[in-house]
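Trainee: The primary structure of each chain is shown beneath.
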Amino acid sequence: VSHIEADHGLCEGIGMCETTADTYFQVGDDGFVQVLQDSPAAGDEKLVKSAVEACPVFALKLLG
Amino acid sequence: MSAGLLVVGGSIAGVRAVEGARSTGYDGPITLITAEPHLPYDRPPLSKDLLAIDGPMDPPSLRDEEAWAELDATVRTGVTATGLDPAARVVHTDAGDIRYDALVIATGGAARTLPGAITMRSYADAVAVRTALDSAQSLLVLGAGFIGAEVATAARTRDISVTVVDAAPLPLGRAVGPVGGQALTDVHLDGGVDLRLGTSVVGSGPDGIELSDGTVLRPDAVVAGIGAIPATGWLLGSGLALDELCGAVLVDTTLASSVPGVWVAGDAAAVDGELGQHWVAAADQGRVAGINAVSPEAQQWSGVAFAWSHWYGHRIQYVGECVGDQELLIPADGVSGLVLVRDGEHLSGALAIDRPGDAAKARRLIASGATWDAALEAYSVVASSAS
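Here the protein sequences line up with chains G and S, keeping their order.
Numbering-wise (this note's numbering), the first sequence opens with residue 1 and increments by one.
Numbering-wise (this note's numbering), the second sequence opens with residue 1 and increments by one.
Hints listed in this document are in silico derivations from the structure and should not be mistaken for laboratory results.
Among the clues, some could well be false.
Simulated pairs of lysine-lysine, DSS-like, Cα-Cα distance not exceeding 30 Å [to be verified]:
1) S:LYS48 - G:LYS61
2) G:LYS49 - S:LYS48
3) G:LYS61 - G:LYS49
4) G:LYS46 - G:LYS61
Because the structure is a prediction, the values reported are computed rather than measured.
Using the sequences and the accompanying hints, generate a full structural model.
Mentor: In structure tokens:
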């Protein structure tokens, strides 16, 4: 099972991930992304992958 | 065999067009051509990470070979589009004609320039600017906006003495109002540059570069960050309707142009007459154009503008439309703070300096159509002090 990782050193709070997959990502009031579920549920792999790739500053990774 | 989808342009809008088309289940051929010798790469890092002393040297590729194979798309580098015949569905290039069934134009923009100045738009530009910074002790930056500030930031990190000149009275004069412009002026000054607003270059010669305030400078290098013009010269005479002033291709909110089979995304497009000119718009327009080019059900593009930058160690975030009827500054420490912008009854934009949480909140408020009063409440501002 793959694992979603967010790097707050890179995150700019742009919110492209939230726009793509708001059940997995939300930009918090501190301006950084919060990962709401650590791994994509069955059937959501493509959605999560496209949200990860939507990040303009490469702050998201899908590992494993 | 079908000619499939052709995408012209190798930046973020072009890449997203390919991905958008594939996301619909479209399994026909896709070809992307780019004039540059590199696989499609990302532009924001060029004026940021790539200018750092110990920054990366390679083009910041958006997708590697493996990702392109997975997308089943053919990328042809070093191929420049030279003309379009929309009736025959053919793009003319310097490597011969390419047929298409559907075309997405994502040729972006070309940096405005001045004689003797280095521009900052492509990977090759970034290499030239970095090389200049490596040996310069003094730098003249033309333009106090995002590109100018980022180049000045890289130069100040190297202890280069920097003069920033802008013909407008405030930075980003067309994109932010006077309160936001003053806040950005303070960031420039805090960064230790010699900022000269309302000033232009009036001449240059062997004695140096003469400014309109009478100063003559002899900088080791000159970088221009004075905007871009849509790269649509190759479309002249094709029949596509272009904006009379800037040359961008006129498209509707489905990103369809005035002729069948042609969609446009990114800096080459004017959507309902408006230029996007930032990464988030280009990326999202690319995705929608790619979907609409291969799918019968047209999607609409709508988005809240978002631009981000780092100026002299300060985080700058620009959300929505920052020119409006009223601006309200909520100051924080030093030059940090938040400027909220009202348009009619609504919050239309926000400029955040070192306030990423407030910027995220503004993006949500604007996307949800929040009223000005609701926005003030969300930021715990007493309404009477904001009038």
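Trainee: Next step is simple, just say for each hint if it's right about the structure.
Mentor: Status of each hint after checking the structure:
1. S:LYS48 - G:LYS61: 21 Å, holds
2. G:LYS49 - S:LYS48: 26 Å, holds
3. G:LYS61 - G:LYS49: 9 Å, holds
4. G:LYS46 - G:LYS61: Cα-Cα ~13 Å, so holds.
Checked against the numbered hints above, the structure violates none of them.
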